[in-house]
Amino acid sequence: MPMSYASDRGTQPIEQVGSVFRLRAIRSHEYLPARAEEQAYYVLLSVAVRQDLPYERMPLNLCLVLDRSTSMSGVRLQAVREGVQYIVDHISSDDVLSIVVFNDRAEVLLSSQRNTDRARVRAIVSTIQPAGGTELLQGLGAGIREVMRGKSERSLNHLILLTDGHTYGDEQGCLEMAKWAGQNHIGMTLMGLGEDWNEALLDQMAALSGGRSIYIDSPRKVVEAFGQIVNLLSGAASRQSQLHITLGPSVTLHEMFQITPEIQRVLVVSTERGHAAELGLLGRDSGRELLMEFRVRDLKPGVQMIASLDVELVAPGGIVSGQLCREQITLNVEGFSLEAPDAPLISSSKIPTAIPNALTRVVLFKMHERAIADLEAGRIDAATQRLETMASRLAAIGETELARVAMLEAGQLAHTGMLSPEGRKKIHYGTRALSLTSRGKDHD
Amino acid sequence: MIECPNCHTKFIANTLVCSECGALLPPEEWVSNEISTEITREQAESTTELGLPPAVRLYMGEETDQSIDVVLDKKVIIGRSDPASQVFPEIDLAPYGGLEKGVSRRHARLSSRRGLIIIEDLASINGTYLNGKRLTPYLPEVVHDGDQIQIGSLPIRVEVL
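Protein sequence lines, in the order shown, are assigned to chains Y and A. Okay, so the first sequence: first residue is 1 according to my numbering, each after it adds one. Okay, so the second sequence: first residue is 1 according to my numbering, each after it adds one.
Just so you know, these hints were derived from the structure itself, not from any lab. All figures in this text were calculated on a predicted structure; none of them were measured in a lab. A virtual CB, placed ideally from N, CA and C, is assigned to each residue, including glycine.
Facing chain Y, from chain A, some residues (calculated, C-beta under 8 Å):
| hint | residue |
| --- | --- |
| 1 | Ala13 |
| 2 | Thr15 |
| 3 | Leu16 |
| 4 | Val17 |
| 5 | Gly22 |
| 6 | Pro27 |
| 7 | Ile125 |
Only chain A is shown next, with the shape it has when bound in the complex (with noise of 0.2 Å):
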């Protein structure tokens, strides 16, 4: 079964849209638990960092004095926080104008897998952006130090730290 990230609904796997919302529901990614553990270990181990997990810096806006720093040992969600609909995502972009910037409640997904930092639209209303190439819903795509992301409207630089 998989769960729509919208509405919760539940379907049967494998399942494309949400007919309750009209979702795209994500794909489910092939690969046992154990497997990509595994990887990731072994991706650590080979590295001399101590296998820690990758953080980021994100720099909010046009005006770069904003920023907050992000560990990425987890996938986090970029969004708009909404009380009334018991949304509270890890990155909340509502202090910085989320609302009018377009930046729905479930925006983007920030991950990192074997060592690399990774970004995912979540089928967002006004998409997300990567160097300003809109990203293919659900399409995982690699963010390098120094890349620019956009959110809705709202241009966001990424530091590797």
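This is chain Y alone, in the form it adopts within the complex (with noise of 0.2 Å):
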């Protein structure tokens, strides 16, 4: 057959394995035509800590900070006591745990201490009553508070907030503090339960802590997130990790995106070395894979350097304790003149499906973002059409469920102006947790 679209001129993964992790680096192209006009360069970048690893555990050192005003009364409060001894049942002797309650003021139920006492754990936590409003700040400070108090050379630092409520006045606080934590090696989870608070605020403080933000829409979810979060930490293989990023001449970046575990935005830092990001805590089980695209403008003809990345991280157990371990992999793309008579004729065959897969995913955290700009900006239209928009897309690859419920509260705003409190929060959710191993047909 005398296509030249199946030419073997393809882009292959390049691998860097190390002692502790390894990196893996998707590149959508190879060979770029040399020209002046700006292009675009994709890179998916997967770090995967190795399985076959000695590997000795890190020291929990975790604050349970919960809210108890007066909406968590009844099965909210309840499910809060199951998941809070889910904790205590799967911790070790050797971790730290303490427990923060708060409605307008706070209250340390259980100070930092290790060798956790079940049975007076199960009493105190069974002495919680709601009443009061709500005002993270209060408990976010007593958490930390307790969180230093427990940490040590060792340990994993984490705090874990629980609330159904939206504070008020106090958000500018609560956002320094979770900056504070995450540059003092404190990371957080932001656990939202039911529909009524704040996900901006919660997303915006995991963000600068590190951490993540979920979203529990029912109280029999509340042991489910917890164990979650225990298991993520009693794999975690590293307390933080750093993506280094040198840039070739004429080379921009754009744009960073993590795919998994969800999707979200990286943010990017210059430093001394050119551009570097937070990659947070990586575990056996929690690897990340990030998308990255590049803009190069006047490619010459020849190989030419789009970018090096460099992932450093400590590992704080096993043989390797304390040892600072670095990967690092170059990428190149190789400028080609258009006249030349060889010129490669390359078609989508040739960008590994990955890619655009990651891309679209992207696409639709964006639609969304902006659908809710519009909204907040009350352009309700502009909105409504691209919700629309997201639900036929959404459709397309498969996730019928959250299309469905894009296309319902499209017709919901058309009408009221307004987002149902519960539709809101699932596609929020829904399109940040879109998998790439989706249920339905995909791009290729």
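Each chain sits in its own coordinate frame; assemble them with the hints.
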């Protein structure tokens, strides 16, 4: 078959396997036409901790900060009691635990301690009574103090905050505290229960502290959510990890998104070495996938560096304890002259499908962000239209349930000018959890 | 710059997905126009058929009494006309039940290159099939005489003229 489409000049992944973790980069292009015009170049980078390492679990230093405002009464508070019990049953005697409850003021129920007495915790937690409003900053401050008290050289410090209400007036303080926590190696998981809480605030706090925000739509799922966090922390192989990026000449980093474990923007900062991003906690079961869009202009014929990607982490356990581990991948592209007689004929078959698949999910995430921005600026028609477009794209990639929610919400928005609180949360968290191993058809 | 075939938003070269509507963007074919016409001319001169562009007869649906003839002297779009969004493909499947059969407005593209007949899916929602196999969007495949293509759920038999 004289088809140059079937040429074997496709892109191969680049892999770098180190003693502690492995890097793998899937590139959109190996060749690009040499030209002055700006061109896009994508890379999907995965960072995974090796499964076969001698492994020592890091001791946890965990604080639970629990909302006990009036709205928590009944099944919600009962679910939280069960969740706490689950955690107490699944931590080891080396782990430090503390418990703080808050409404408009905070109270330390269990101060930081090892060898937690299960019966005592059960008794303490059963005394929690719902009352008052929600002031996040109160609980957060008391929780951070407990984490600082329980901190040790080797500990993995984490704060789990669970709330079901809006906090008023102390948002800025919460953000500053989240940032401080991130700088002081305290991770945060921010859980919103039900529909009446501020997802934008919890998201920003998560981003600043290098943690996650989680939507729990039903009290029945509280134990499961607590369980997932304890498992994630127990399997952690490093407290934190960084990606350093050095750009080639005439190259810019346009944007970077985390694809797994969930879709979110990655904050990139400028450093002496170029650019850097915090990747947070890496575990044996929790690697990272990152999609980067670079832009290159003035590409000349011949091989040129797009970027060098350098991942660093401090391995806390096993034989390499305390050692700085570093793996690096260099991304090159070959510029070819469009006038050359052997100019390759390149079609989409050359671009690994993982890249358009990841990009499609990033685009859905961004469409949602823009729909919410339109809605908040009062542009109801524009927001409705974006939700409808989202619904049809979601359906096309097999995300039928989320597509259905988006379609219903588009209708609701067109009629009432508002989203339902439940639909709003479902779309917000649904778009970031879009799985790459989608249940339906994809672009391949 | 490239343009989204679906919503006409412009993006820098090699952008892969439209951030406005989520459509996959067709990759550029990196071969300069002069080279491709030159090859076509060479190819054409080497054949005894006086360099005429290939033509096909398309038999629509299960009953094969309805057919249309298409000369592939340029790229032709197979789709469903929609006056509301100003889409009028060269091969319009609206009269053959296109809407019910899941035909996208811009569904697939037929063209010829170096004497071969090529079909490409344009990232349609319900897919383009060649002899029962679903095509990868924007990945060209060669069509032969007697092949069965399927646009959404509308079967079309191809006869090379």
